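Enquirer: Sequence:
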Amino acid sequence: MVFKLCILAALATVASCGYASSSAYVTSSPSHGPAALSYGSYGHESYPNTHPAYKFAYNVHDPHTHDVKAQEETRDGHHVKGFYSLYEADGSKRVVHYADNGHGFEATVHKEGGHHPVSAPVYFAPSPSPAYHAAPVYEKYA
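According to mature numbering (1 follows the signal peptide of the UniProt record, and there is no 0), the sequence shown holds residues -17 to -1, 1 to 125 in order.
Think of the hints as simulated: they come from the structure by calculation, not from any bench. Be aware that one or more of the hints could be misleading.
Below, simulated DSS-like cross-link-like pairs (lysine-lysine); rule was C-alpha separation at most 25 angstroms, straight line [claimed, not checked]:
no., residue 1, residue 2
1, 76, 38
2, 64, 76
3, 76, 94
4, 64, 38
5, 64, 94
6, 94, 52
7, 52, 64
8, 76, 52
9, 38, 52
Nothing here was measured: the structure is a model prediction, and the numbers come from that model.
Start from the sequences, fold in the hints, and give me the full structure.
Expert: Right, here's the structure in full:
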């Protein structure tokens, strides 16, 4: 009987705190700020009036692994454009220019043939197998 009373008291406490309601996860945006929290945002703020803009670039030239590539991209609002280039296994260079002007992604691929400045790996023939000799024969002593 005491156990049932404890369960009933716990349920009453939860109900009075408002945790049983789904409205605990929904908050309205304050009238003084641009950020708005909504159901499913998990506490992250959203900024609907911001203008996204960025620019980045990187280059890799690793003589040890022979990895040579580059990329550059810029964004201004809904307009994204950039390029990337890399050397493929056959020694050719692939250059891709891409853009999204708000109506879909468009890419132009150019392949430049030529000699990759890296030499091909050297093949080493396996070493000859060792010569095996018969095991020595021992005499039995009586």
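Enquirer: Run through the hints listed earlier and report the numbers of any the structure violates, in increasing order.
Expert: No numbers; nothing is violated.
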